[in-house]
Amino acid sequence: MKQLMTIVLAGAAATAGAADFKLPAFETVKLSNGLTVYLMQRHEVPIIAVRAVVKAGAVNDGAQAGLANLTGDAILLGSLTHSKAAIDEAFDFRGGILSGGGGTEQSTVQANFARKDADTLLPLFAELVQQPSFEQAELDKLRGRKMNVLRQAKESPRQVAGTYYRAMLFGPAAYGNPPGGTVNSLGALKQADVKAFHERYFRPDNAALIVVGDFDPAAMRKQVETLFGPWHADGPAPQRADYGKVMADKPRVWLVNKSDALETTFLIGGPGIARNDPDYVPLQVLNTVLGGRFTSWLNDELRINSGLSYGANSSFNHLSQTGTFSISSFTALPKTEAALDLAHKTYERLWSKGIDKETLESAKAYVKGQFPPRFETSEQLAGLLGDMYALGVSREQVDNFMRDVDTLTPERARALVEKHFPRRNLQTVMVGKAEAIRGIAARYGEVTEMEITADGFLPKP
Amino acid sequence: MKWRLLLAGAAYAAASYAQAALTADQVKSFTLPNGMKFIVLESSAIPNANMYTFWKVGSRNEAPGITGLSHFFEHMMFNGSKHYGPKQFDRTMEARGGANNAYTNSDVTVYQDWFPATALETVFKLEGDRIASLSIDPKMVESERGVVLSERSTGLENSNVRRLMQDLNSVAFTAHPYAIPTIGWESDIKAWTQKDLENYFRTYYAPNNAVAVIVGDVKVDNVKKLATRYFGGIPKRPAPPAVRTLEPEQTGERRLFIAKASAVAPNLMVAYKVPEAGHADYYALDVLQSLLADGKTSRLYKALVDTQISNSIAAFSTDGFDPGLLYFYTVSAGNVGVDKIEEALLAAIDSLIKDGVSDQELQKVKNAKLLNIYRAQETINGKALQLGNHEVFFGDYRKTFDAPAAYEKLTPADIQAVAAKYLKKSQRTVGVLAAKEE
Numbered sequence: 327m328k329q330l331m332t333i334v335l336a337g338a339a340a341t342a343g344a345a346d347f348k349l350p351a352f353e354t355v356k357l358s359n360g361l362t363v364y365l366m367q368r369h370e371v372p373i374i375a376v377r378a379v380v381k382a383g384a385v386n387d388g389a390q391a392g393l394a395n396l397t398g399d400a401i402l403l404g405s406l407t408h409s410k411a412a413i414d415e416a417f418d419f420r421g422g423i424l425s426g427g428g429g430t431e432q433s434t435v436q437a438n439f440a441r442k443d444a445d446t447l448l449p450l451f452a453e454l455v456q457q458p459s460f461e462q463a464e465l466d467k468l469r470g471r472k473m474n475v476l477r478q479a480k481e482s483p484r485q486v487a488g489t490y491y492r493a494m495l496f497g498p499a500a501y502g503n504p505p506g507g508t509v510n511s512l513g514a515l516k517q518a519d520v521k522a523f524h525e526r527y528f529r530p531d532n533a534a535l536i537v538v539g540d541f542d543p544a545a546m547r548k549q550v551e552t553l554f555g556p557w558h559a560d561g562p563a564p565q566r567a568d569y570g571k572v573m574a575d576k577p578r579v580w581l582v583n584k585s586d587a588l589e590t591t592f593l594i595g596g597p598g599i600a601r602n603d604p605d606y607v608p609l610q611v612l613n614t615v616l617g618g619r620f621t622s623w624l625n626d627e628l629r630i631n632s633g634l635s636y637g638a639n640s641s642f643n644h645l646s647q648t649g650t651f652s653i654s655s656f657t658a659l660p661k662t663e664a665a666l667d668l669a670h671k672t673y674e675r676l677w678s679k680g681i682d683k684e685t686l687e688s689a690k691a692y693v694k695g696q697f698p699p700r701f702e703t704s705e706q707l708a709g710l711l712g713d714m715y716a717l718g719v720s721r722e723q724v725d726n727f728m729r730d731v732d733t734l735t736p737e738r739a740r741a742l743v744e745k746h747f748p749r750r751n752l753q754t755v756m757v758g759k760a761e762a763i764r765g766i767a768a769r770y771g772e773v774t775e776m777e778i779t780a781d782g783f784l785p786k787p
Numbered sequence: 011m012k013w014r015l016l017l018a019g020a021a022y023a024a025a026s027y028a029q030a031a032l033t034a035d036q037v038k039s040f041t042l043p044n045g046m047k048f049i050v051l052e053s054s055a056i057p058n059a060n061m062y063t064f065w066k067v068g069s070r071n072e073a074p075g076i077t078g079l080s081h082f083f084e085h086m087m088f089n090g091s092k093h094y095g096p097k098q099f100d101r102t103m104e105a106r107g108g109a110n111n112a113y114t115n116s117d118v119t120v121y122q123d124w125f126p127a128t129a130l131e132t133v134f135k136l137e138g139d140r141i142a143s144l145s146i147d148p149k150m151v152e153s154e155r156g157v158v159l160s161e162r163s164t165g166l167e168n169s170n171v172r173r174l175m176q177d178l179n180s181v182a183f184t185a186h187p188y189a190i191p192t193i194g195w196e197s198d199i200k201a202w203t204q205k206d207l208e209n210y211f212r213t214y215y216a217p218n219n220a221v222a223v224i225v226g227d228v229k230v231d232n233v234k235k236l237a238t239r240y241f242g243g244i245p246k247r248p249a250p251p252a253v254r255t256l257e258p259e260q261t262g263e264r265r266l267f268i269a270k271a272s273a274v275a276p277n278l279m280v281a282y283k284v285p286e287a288g289h290a291d292y293y294a295l296d297v298l299q300s301l302l303a304d305g306k307t308s309r310l311y312k313a314l315v316d317t318q319i320s321n322s323i324a325a326f327s328t329d330g331f332d333p334g335l336l337y338f339y340t341v342s343a344g345n346v347g348v349d350k351i352e353e354a355l356l357a358a359i360d361s362l363i364k365d366g367v368s369d370q371e372l373q374k375v376k377n378a379k380l381l382n383i384y385r386a387q388e389t390i391n392g393k394a395l396q397l398g399n400h401e402v403f404f405g406d407y408r409k410t411f412d413a414p415a416a417y418e419k420l421t422p423a424d425i426q427a428v429a430a431k432y433l434k435k436s437q438r439t440v441g442v443l444a445a446k447e448e
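Keeping their order, the protein sequence lines are chains Z and F. For our numbering, count along the first sequence from 1 and bump the result up by 326. For our numbering, count along the second sequence from 1 and bump the result up by 10.
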């Protein structure tokens, strides 16, 4: 689909020629059962991306870590009228892709198939979302596989460092729950738990259906109404609670021991911002300067100038109510001290030197230039519409993206750094060989040690 | 129930029925007098474009002492040239809204630039300058060695498959340089010299050894004009020396074991010798690979994962100029011994060789191949990769468009025949990575 190609007039010379970007047109409707439906046509290739987005995730796990995630995957194990084998066969035979999963705040069921197969596959998709079977034998197999994946993930520090970091920042609050659960918590989950979770959260007034791609709109509307119109729920829809705030009242270090580690993997940071924060767009630009691109300060120092690491970056991780910020890198064990020290020094430049006009203009151009490919495919657009529904992203944030980048000045950048980047009481996770890096860890705050091989992502109580 | 249109207007009207898929006549190509070939596809779905430059050099062009040099070069190409000092390539490109990356494997080094279409000239200027006159600053070489050592160690730290594949290659190939790990051996990374680097650049970074693919919101005429201006003056050089070594025929199964104390479950890799890309059996082998390992209805998923002896199964192969490997990789479900997994994997392969495949099973894979071609064509990057890979490994970008027909004409007998021909005991290498040897 061809995007609007209006030239931005507000910008200075540096931004002339940058193309504007607006979200492609889409229809939205609320069915009488409360289901929100988004339809967006695209006709580059004869493919349709469908996703059901449910406002449920690890934040709803309570004491049963991994329940939302297991439920999201278990949806695919067959419906009340079609076995898992029949459904897998139907999708695979047509080159369709079926996937699902539960994240922190949203669960999705996704399908991607040829235009001509919508009549066959969309009904199966609708059955899975509304009447999954959670057949016992298949559920046990899935749970076993997921437990093994969790065990194996701990072989790779980079796969798990972020989960420790989140647990450290949010403590016992809902946002601290490990989205995939732990080996022990998954082992304790029963079929009845999964069924109850589905019953409680997978309901039309807590979900959106998103269809993006090559379809006839009249036929698709009709099909959606037929398949999803009868879906109903009893009682009031679940409401969102307070899922927690980042705890950063003193500098802390979690040192996760991996006794055969060749390197030290680390995260440093603190609180960030919510996905729908009005400063979301300008902060993308500022983070680009610090750690969001190859020539960013962090990568420039830790990789290019010093050769300490293959890469260093920083990012805001957004949630619906709040968020986190972190710098992340890794280095050979003997270089741990140098790399951590340089990461801190580089970060401090945000305040000590600030961002000059030239660097800011470069980051603005970069963020704008890399924006359109983020919404190039039907899957990407379906993901964005899902975030709009589940995380409250406003379409203004998308449509005004270019304008919000263009209007960012060095003065405002300075104010935003003060307001949003955590400077004091930094929180640190280090994964590596504890006996060799314990002393270094102590320089950055109160140290708590744990073994990577222990269950879960928390220190021993 | 009421449907309402949230956003009307230009974008909506433009959204109506464009072409169904990419066709060969939309792609244009030209070759500069110095031998540098360009393939261009105008595609205005987003106001962006890319440039993928394929260099026919990779670790297969290396020898002991300079292992990893192709990959190191990939890094050095960003460290300064005549008109753009160290860091200036990236700084200039990013300030114009562009980003880039690069990858190296055994056969090729590929540079990828992604940018707003308006930055095309800047990108050509940058690329032209580093190809014409790269600086190999000894200071940058030293710092970059550290970066590559970190890249190597982080790969080994975080990825069992990487470790297993590296060591398996060195067992499967005894003579051919496919035995060399693309990242290089640690001692070589620490030891290569300034002269090695200069020789390498002169030998392989000749314009006649490159193919550039540009896809995006550009005009062919303008690409041609700018290509002539920024790449036309780079002198043609002698063709790089051919890789002479042929791998002798493997005459028996080979095995290796890697001990890694922190491995929580045994990893198994079984790899078979297969021919080069462009070989007549290429498409049948590609279908065979998918039939065995793609999706929950694949043979090996059913034999290994459904039965709960393995936790995952994957198959992969890379396009190469010389005969290479088709890999199967699986991780134990935990308490299951690797012998049992190997037995089940080989039994599934043997049953395919013995009993063949059904029409339905073959049709399933054909359908998936076609959809995956469409999926790749949803992005300008997918299109650039398809065109570039076909040009480099199959000799002509137009072969991209032959793929659907090549898959379509395959019969169950073709699949059974390639399975019998290549998935033989004498042609395989079996690798295990586990905490300790059983």
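Any given hint might turn out to be false.
[What the hints assert, rightly or not] Restricting the straight-line Cα-Cα distance to at most 27 Å, the calculated cross-link-like pairs of lysine-lysine (DSS-like) are:
1. F:434 to F:306
2. Z:661 to F:97
3. F:306 to Z:516
4. Z:348 to F:229
5. F:376 to Z:442
6. F:376 to Z:683
7. F:312 to Z:759
8. Z:467 to F:306
9. F:312 to F:246
10. F:306 to Z:521
11. F:434 to F:312
12. F:135 to F:92
13. F:97 to Z:671
14. Z:679 to F:97
15. F:364 to F:434
[Claimed, not checked] From chain Z, some residues computed to sit far from chain F (all C-beta separations above 10 Å):
16. 370
17. 418
18. 470
19. 485
20. 488
21. 564
22. 715
23. 719
24. 771
25. 774
26. 784
[Stated by the list, open to error] Which residues of chain Z face chain F? A few of them, derived with a C-beta cut under 7 Å, are:
27. 414
28. 478
29. 479
30. 556
31. 557
32. 636
33. 659
34. 663
35. 686
36. 688
37. 692
38. 699
In short, the hints are calculated from the structure, not lab data. Computed from a predicted model, the values in this text were never measured in an experiment. Don't be surprised by glycine CBs; every beta carbon is placed ideally from N, CA and C.
Taking the hints in turn, this is what the structure says about them:
Simply put, residue 434 of chain F and residue 306 of chain F have alpha-carbon atoms about 25 Å apart, close enough for the 27 Å limit, and the pair holds. For the hint pairing residue 661 of chain Z with residue 97 of chain F, the CA-to-CA distance comes to about 23 Å; that is within 27 Å, so the pair holds. Distance hint between residue 306 of chain F and residue 516 of chain Z is fulfilled; the C-alpha atoms sit about 24 Å from each other, no more than 27 Å. For the hint linking residue 348 of chain Z to residue 229 of chain F, the alpha-carbon distance of about 23 Å falls within 27 Å, and the restraint holds.
Among the hinted pairs, residue 376 of chain F with residue 442 of chain Z is consistent with the structure: their alpha-carbon atoms are about 16 Å apart, no more than 27 Å. For the hint linking residue 376 of chain F to residue 683 of chain Z, the alpha-carbon distance of about 54 Å lies beyond 27 Å, and the restraint is violated. Pair hint residue 312 of chain F plus residue 759 of chain Z does not hold up; C-alpha atoms about 39 Å apart against a cutoff of 27 Å. Between residue 467 of chain Z and residue 306 of chain F the CA atoms are separated by roughly 13 Å; this keeps the pair inside 27 Å, and the hint holds.
At roughly 54 Å between alpha-carbon atoms, residue 312 of chain F and residue 246 of chain F are farther apart than 27 Å, so this suggested pair is violated. Restraint check: the Cα-Cα separation between residue 306 of chain F and residue 521 of chain Z comes to about 23 Å, which is no more than 27 Å; the hinted pair holds. About 21 Å separates the Cα atoms of residue 434 of chain F and residue 312 of chain F, which keeps this hinted pair within 27 Å; it holds. With a C-alpha separation of about 11 Å, the suggested pair residue 135 of chain F and residue 92 of chain F falls inside the 27 Å cut-off, and the hint holds.
Restraint check for residue 97 of chain F and residue 671 of chain Z: the C-alpha separation of about 21 Å stays at or below 27 Å, so the hint holds. Distance check on the hinted pair: residue 679 of chain Z and residue 97 of chain F sit about 20 Å apart at the alpha-carbon level, within 27 Å; holds. Taking the CA atoms of residue 364 of chain F and residue 434 of chain F, the gap is near 12 Å; set against the 27 Å cutoff, the hint holds. Distance to chain F contradicts residue 370 of chain Z as a non-interface residue, since its nearest Cβ pair spans about 6 Å, not more than 10 Å.
Not every CB of chain F lies more than 10 Å from the CB of residue 418 of chain Z, the least distance being 4 Å, so the non-interface label is violated. The Cβ of residue 470 of chain Z sits about 6 Å from the closest Cβ of chain F, inside the 10 Å cut-off, so the non-interface label is violated. A beta-carbon of chain F is positioned within 10 Å of the beta-carbon of residue 485 of chain Z; the least distance is around 7 Å. Separation of residue 488 of chain Z from chain F is adequate, the least Cβ-Cβ distance of about 13 Å exceeding the 10 Å criterion.
Annotated as non-interface, residue 564 of chain Z keeps its C-beta farther than 10 Å from every C-beta of chain F; the closest such distance is 24 Å. Chain F leaves residue 715 of chain Z outside its interface by the beta-carbon criterion, the shortest separation being 13 Å against a cut-off of 10 Å. No beta-carbon of chain F is positioned within 10 Å of the beta-carbon of residue 719 of chain Z; the least distance is around 15 Å. With a minimum CB-CB distance of about 25 Å to chain F, residue 771 of chain Z clears the 10 Å threshold, and the non-interface call stands.
The non-interface label for residue 774 of chain Z is consistent with chain F: the shortest C-beta to C-beta separation is roughly 22 Å, beyond 10 Å. Distance check for residue 784 of chain Z against chain F: the nearest CB is about 19 Å away, which clears 10 Å, and the non-interface claim stands. At a threshold of 7 Å, the smallest CB-CB gap from residue 414 of chain Z to chain F is about 4 Å, leaving the interface hint in force. A distance limit of 7 Å between C-beta atoms decides the matter here; for residue 478 of chain Z the minimum to chain F is near 6 Å, and the interface restraint holds.
Nearest Cβ of chain F to the Cβ of residue 479 of chain Z: about 9 Å, over the 7 Å cut. The hint is violated. Hint status for residue 556 of chain Z relative to chain F: violated, with the closest Cβ pair at about 13 Å, above 7 Å. Taking 7 Å as the C-beta cut-off, the interface hint given for residue 557 of chain Z is violated, the closest approach to chain F being about 14 Å. At about 4 Å, the closest approach between the beta carbon of residue 636 of chain Z and any beta carbon in chain F falls short of 7 Å, and the interface hint on this residue holds.
The beta carbon of residue 659 of chain Z comes no nearer than 9 Å to any beta carbon in chain F, farther than 7 Å, and the hint placing it at the interface is violated. Checking residue 663 of chain Z against chain F: minimum C-beta separation of about 15 Å lies over 7 Å; hint violated. A hinted interface residue such as residue 686 of chain Z counts as satisfied when its beta carbon comes closer than 7 Å to some beta carbon of chain F; here the least separation is about 11 Å, so the hint is violated. A distance limit of 7 Å between C-beta atoms decides the matter here; for residue 688 of chain Z the minimum to chain F is near 4 Å, and the interface restraint holds.
A distance limit of 7 Å between C-beta atoms decides the matter here; for residue 692 of chain Z the minimum to chain F is near 5 Å, and the interface restraint holds. Taking 7 Å as the C-beta cut-off, the interface hint given for residue 699 of chain Z holds, the closest approach to chain F being about 6 Å.
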